[in-house]
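Spelled out, the chains give:
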Amino acid sequence: MQLERSEKAAIFLERLPQKVNRQIMLSLEACVHCGLCTDRCHYVLANPGDVTYAPAYKADRLRKLFKAHMDWTGRIAPWWVGARSVYTDAELEELKDTVFGKCTNCRRCSVNCPMGVDMATFNRMARGLLVHVGVMPEGVSHVAKDQWEIGNQMGVLNEEYLDTLTWMEEELQDEYGDPNIKIPVDKPDCDVMYTINPREVKYDPRTIAEAAAIFHFAGESWTMSSAGWDMTNFGLFNGDDELGAAVAGRVYDTLERLRAKKLVISECGHGFRSTRCEGPNWGKRQLGFPMESAIVTMTNYIQQGRIRVDKSKNTVPVTYHDSCNLARSCGIFEEPRALLKLIVSDFREMYPNRAENFCCTGGGGAMSMSEYTPRRLQSARIKAEQLKATGAKIVATSCHNCVDGLYDLIRHYKLDMEVKLLVNLVANALVPTEKIAGKAVPVPAAVEAARAPAKLLAGYKILVVDDEPDVRTYLRSIFQEQGAEVVEAPDARQAMRSLLSGKPHLMTLDLIMPHKTGDWLYWELRKDPNFADLPIVIITGYARMEAPGVDFHKFIAEKNLPPPEAFIEKPIQPEMVLDTVLKILGSRMSLQV
Amino acid sequence: MYEPSPLLSFAQDKLQVLALLFMATVYALKIRWILRFPAGRDFQAPHGTERTDAARGARLSLLAIAMPWTMGSTREHPFLYAQFVIFHLGVAASIAMSFVIPYLPGLMRNTATVMALQALFLAAALVGIARLVRRLTSPYLRAFSSPDDYFSMALLIVWFFLSLLAAPNRPQNGEGPLLAYFFLTAFFLVYVPFSKISHYIYYPFARWYLGRTLGHRGVYPLARGV
Numbered sequence: 376m377q378l379e380r381s382e383k384a385a386i387f388l389e390r391l392p393q394k395v396n397r398q399i400m401l402s403l404e405a406c407v408h409c410g411l412c413t414d415r416c417h418y419v420l421a422n423p424g425d426v427t428y429a430p431a432y433k434a435d436r437l438r439k440l441f442k443a444h445m446d447w448t449g450r451i452a453p454w455w456v457g458a459r460s461v462y463t464d465a466e467l468e469e470l471k472d473t474v475f476g477k478c479t480n481c482r483r484c485s486v487n488c489p490m491g492v493d494m495a496t497f498n499r500m501a502r503g504l505l506v507h508v509g510v511m512p513e514g515v516s517h518v519a520k521d522q523w524e525i526g527n528q529m530g531v532l533n534e535e536y537l538d539t540l541t542w543m544e545e546e547l548q549d550e551y552g553d554p555n556i557k558i559p560v561d562k563p564d565c566d567v568m569y570t571i572n573p574r575e576v577k578y579d580p581r582t583i584a585e586a587a588a589i590f591h592f593a594g595e596s597w598t599m600s601s602a603g604w605d606m607t608n609f610g611l612f613n614g615d616d617e618l619g620a621a622v623a624g625r626v627y628d629t630l631e632r633l634r635a636k637k638l639v640i641s642e643c644g645h646g647f648r649s650t651r652c653e654g655p656n657w658g659k660r661q662l663g664f665p666m667e668s669a670i671v672t673m674t675n676y677i678q679q680g681r682i683r684v685d686k687s688k689n690t691v692p693v694t695y696h697d698s699c700n701l702a703r704s705c706g707i708f709e710e711p712r713a714l715l716k717l718i719v720s721d722f723r724e725m726y727p728n729r730a731e732n733f734c735c736t737g738g739g740g741a742m743s744m745s746e747y748t749p750r751r752l753q754s755a756r757i758k759a760e761q762l763k764a765t766g767a768k769i770v771a772t773s774c775h776n777c778v779d780g781l782y783d784l785i786r787h788y789k790l791d792m793e794v795k796l797l798v799n800l801v802a803n804a805l806v807p808t809e810k811i812a813g814k815a816v817p818v819p820a821a822v823e824a825a826r827a828p829a830k831l832l833a834g835y836k837i838l839v840v841d842d843e844p845d846v847r848t849y850l851r852s853i854f855q856e857q858g859a860e861v862v863e864a865p866d867a868r869q870a871m872r873s874l875l876s877g878k879p880h881l882m883t884l885d886l887i888m889p890h891k892t893g894d895w896l897y898w899e900l901r902k903d904p905n906f907a908d909l910p911i912v913i914i915t916g917y918a919r920m921e922a923p924g925v926d927f928h929k930f931i932a933e934k935n936l937p938p939p940e941a942f943i944e945k946p947i948q949p950e951m952v953l954d955t956v957l958k959i960l961g962s963r964m965s966l967q968v
Numbered sequence: 009m010y011e012p013s014p015l016l017s018f019a020q021d022k023l024q025v026l027a028l029l030f031m032a033t034v035y036a037l038k039i040r041w042i043l044r045f046p047a048g049r050d051f052q053a054p055h056g057t058e059r060t061d062a063a064r065g066a067r068l069s070l071l072a073i074a075m076p077w078t079m080g081s082t083r084e085h086p087f088l089y090a091q092f093v094i095f096h097l098g099v100a101a102s103i104a105m106s107f108v109i110p111y112l113p114g115l116m117r118n119t120a121t122v123m124a125l126q127a128l129f130l131a132a133a134l135v136g137i138a139r140l141v142r143r144l145t146s147p148y149l150r151a152f153s154s155p156d157d158y159f160s161m162a163l164l165i166v167w168f169f170l171s172l173l174a175a176p177n178r179p180q181n182g183e184g185p186l187l188a189y190f191f192l193t194a195f196f197l198v199y200v201p202f203s204k205i206s207h208y209i210y211y212p213f214a215r216w217y218l219g220r221t222l223g224h225r226g227v228y229p230l231a232r233g234v
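If you read the protein sequences in the order shown, they are chains S and V. Position in the first sequence (first residue = 1) + 375 = our numbering. Position in the second sequence (first residue = 1) + 8 = our numbering.
These are calculated hints, taken from the structure and not from any lab test. We treat Cβ as the ideally placed atom computed from N, Cα and C, and that holds for glycine. Be aware that one or more of the hints could be misleading.
[Unchecked claim] No farther apart than 30 Å at their CA atoms in a straight line, the calculated lysine-lysine pairs in the DSBU-like style are these:
#1 S:Lys520 / S:Lys471
#2 S:Lys394 / S:Lys562
#3 S:Lys394 / S:Lys577
#4 S:Lys659 / V:Lys38
#5 S:Lys830 / S:Lys716
#6 V:Lys22 / S:Lys394
[To be verified] Derived contacts from chain S toward chain V, CB cut-off under 8 Å, selection only:
#7 Gln393
#8 Asn396
#9 Leu401
#10 Thr473
#11 Gly476
#12 Asn728
#13 Arg729
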């Protein structure tokens, strides 16, 4: 007997084939039901015996539909392969309970699946299909509506946002006794445009002030914007690619309108992932500007000596919680740890950590789904045990959702801990210096010009070859500040093209790059009479990385090549790079003279 | 010199060829089906250290199954991983044997070789039984297992036992074990494309795409604290 299908179920199934791409299809087909994902999920560990939390079980709720409608085996013998269609709204509600209420899309099962099944991706797709027919938790509906209509997911009005910035600016001026500390808005042509999470405006404006203080003391040319300032994106959580593309697009368009050179994204796991990683995919946009997490920005400021910090101001034991979106979806593992080691005196790792860390249980939009709160707190037991075992008094994280999730579980499990963002700890360790603070005092242009030191690299052309846009931008800023003409190349082939169109005075070269490596380019240049004398400075991070099979020193010895003029290991120390380049160019000039 | 019966000659030669042709055809159709789905693209700039990029991520992902230490799921379950290795070696050996017996029987004359194969088939069959028991007794596995999951495992267990009996390749002592082995192998080849056993067709694609995406983002190789 043919069962009658509800309108919502019919639309859901009609849309299913449009949303299944090759990666999702493979994830739906490849599962062998081995069950190795089962004990990787914090829901399973916290709810022993409840099979409905097992990742493979949850995945099969969607897989059944896929097999019934898109897989020939499911059409020929549905009962044999576990295929089953959906007919009623009640069944859609059951699916909603699974994909929204029993999974935070943390991707821990995905990276543990021997077959490469990426459950988090198709769970998100299932959310999107349900949202399309209006089946979703009420909170998800409200938040998505706010983000579509008001422009940010917390419904913060623009006046409220701008008032908060003014308020924080005044707070900062009072705190540091400096009326020149500003939170600039819509300032064009800055080096950095800073975007935030609306939660910062609504509940935690202090983080905006802290970031502003850091930018100020670093002497950064930065701005915030009056539109497109929300880098969070509920499209990631509700599976709505159109929403995702629209929200991320607002940020990109604003940056392009203000002609800022770089987007710095404040601490937010899903915001960073949505803006940096998924936004270009949802909008199918190739972007011409770099984006970085504020974690990296703050670390660079400290390492470059642009701000000074005193780690003795943070003596309480600190551990770090990896945001799932930052870690398992964007590869940010070491950056926060590097920063913490610079700003706290007692850092303790939690176990497991990095790619194997457990979800805070507030991810995937869970904080907006109050109907699942008891379930969320029950499953948070695993995280609570992890935190307790560290003996730390502060759990640092780099995500506002994690802050809320961790705060809830700390209260629920009565842990003696508090949650902090990295920016809180950096700001606490910040040592305001008169020298840098003094930069904020306006100086007449003529006086400034008279004071300006001589441009040490004026008249020189430098080719920067590195596959990392951030590194190229950084090196460019170092050389340009000294008056050099800088040409960039992201790989060896483009570098070769650039060299053939005009020989520079010096080239910096990264060794490990896609396609042709730096070794290859080095070899090609050294054996070419036109370029054999080109000064080359190797700037690489491989020496401190595990890179089996890569040994540049051995390479040049085997090929009988002359050594490079200099060899610098990352992280880049600007003074060292500049000194090295000046020495090389200086000696060349004196030789020519 | 023993002359095999017409039925055994057919079973170990023409029947296998037909079954293989059928399997290859269905696999070709499967791959065509996979490729009909549009592949998602990465528009975002790469991220991560020099240790990783999309190509390296894809390579590491493909090799992950041979590196049990890289995933908690395999690292923390060494017994299950060892079962996986034995089981799949048994499958590979039995498939190879279905070619060796009819076309290169000289390779199976050495008693030690035959005994080693029999030991492997016995171990694989025992692993298969352990896996079937696990599937039947674990409430988690039961909750998402389909009839195909149980049948595929039972089929392989029987096939391993028949492989064990067929390995000596002595039809002169009775053609029964060889006939059973070759007929079941043919059935296996025809059934596999419609069952979960065909997962190895999906494996390279699924792992390659996952590794490419996560390598591009600097997630692969997976970082973990020690």
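Taking the hints in turn, this is what the structure says about them:
Annotation: proposed proximity of lysine 520 of chain S to lysine 471 of chain S holds, straight-line Cα distance about 18 Å (limit 30 Å). Among the hinted pairs, lysine 394 of chain S with lysine 562 of chain S is inconsistent with the structure: their alpha-carbon atoms are about 40 Å apart, more than 30 Å. Restraint check: the Cα-Cα separation between lysine 394 of chain S and lysine 577 of chain S comes to about 35 Å, which exceeds 30 Å; the hinted pair is violated. This hinted pair checks out: lysine 659 of chain S and lysine 38 of chain V have alpha carbons roughly 29 Å apart, not beyond 30 Å.
With a C-alpha separation of about 35 Å, the suggested pair lysine 830 of chain S and lysine 716 of chain S falls outside the 30 Å cut-off, and the hint is violated. A C-alpha spacing of about 44 Å is found between lysine 22 of chain V and lysine 394 of chain S, which places the hinted pair above 30 Å, so the restraint is violated. Here the hint on glutamine 393 of chain S is broken, as its CB sits about 10 Å from the closest CB of chain V, past 8 Å. Using the Cβ-Cβ criterion of 8 Å, the hint placing asparagine 396 of chain S at the interface with chain V is satisfied: the shortest such distance is roughly 5 Å.
Of the supplied interface hints, the one on leucine 401 of chain S holds, with its beta-carbon coming within about 4 Å of a beta-carbon of chain V, less than 8 Å. A least Cβ separation of about 12 Å between threonine 473 of chain S and chain V goes past the 8 Å threshold, and the interface hint is therefore violated. The interface hint given for glycine 476 of chain S is broken, as the beta carbon of that residue sits about 17 Å from the closest beta carbon of chain V, more than 8 Å. Given hint, asparagine 728 of chain S at the interface with chain V, holds; its Cβ is 4 Å from that chain's nearest Cβ, closer than 8 Å.
This hint holds: arginine 729 of chain S has a C-beta 4 Å from the nearest C-beta of chain V, less than the 8 Å allowed.
Violation of the numbered hints given earlier is confined to hints 2, 3, 5, 6, 7, 10, 11; the remaining hints are satisfied by the structure.
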